[in-house]
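Q: Sequence:
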Amino acid sequence: MECSETIPIIITFGIETSLDNILQVYLQDKYHLIRIKKEISFQYLKMYENVVLLIINSDQPWIRNSNLVKKIQQENFFSNIPIIGLCLKKYFKEMENSERYLYDDILLLPCNNEDFLTRIDVWINTAEFLINYEQESKTFSLDTLEI
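Residue 76 in the working numbering sits at position 93 of the sequence shown; the count goes up by one each step and never skips.
Certain hints may be false.
[Said to hold, decoys possible] Below, a list of computed lysine-lysine pairs in the DSBU-like style, where the Cα atoms sit at most 35 Å apart:
1. 73 to 53
2. 13 to 54
3. 72 to 13
4. 21 to 73
5. 72 to 21
6. 53 to 72
7. 73 to 13
8. 20 to 54
9. 54 to 76
The set of hints was computed from the structure by calculation and includes no laboratory data.
Could you build all of it, start to finish, from the sequences and the hints given here?
A: Dropping the structure here:
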């Protein structure tokens, strides 16, 4: 599939082959998928103007060691693009709270395909709304609300 300005783009970082295949089968008609398997320059990613979602496998050692999510959040280019983290349930217990809060959402693996694709769809719709209406992304959790 040729990458153009009209096709929304999903960038994945360190996604396992089985999940990558699921994304490819179910999303290839609607989205262009860019797969990053190792560290990469953000200048390369900035050439794509229609990025609507970032999916990051937080269990990958090179992702944790490179502080990838923090680097992404420092880039204005990615400021309104949601970030979904993927984490095996056994590793999630060890994840620091400060790291958890870097992601807009975390999917615990294994999960069924329907849950995986539904959450992706929700975040893409959120990103498209923010882009179309030029709204700043707001992230909050129940524990940050004052009652």
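Q: Hint by hint, note whether the structure agrees.
A: Now for the hints, and whether the structure bears them out:
no. : hint     : in the structure
1   : 73 to 53 : holds, 23 Å
2   : 13 to 54 : holds, 28 Å
3   : 72 to 13 : holds, 29 Å
4   : 21 to 73 : holds, 23 Å
5   : 72 to 21 : holds, 23 Å
6   : 53 to 72 : holds, 22 Å
7   : 73 to 13 : holds, 33 Å
8   : 20 to 54 : holds, 17 Å
9   : 54 to 76 : holds, 24 Å
Hint compliance for this structure: every hint is met.
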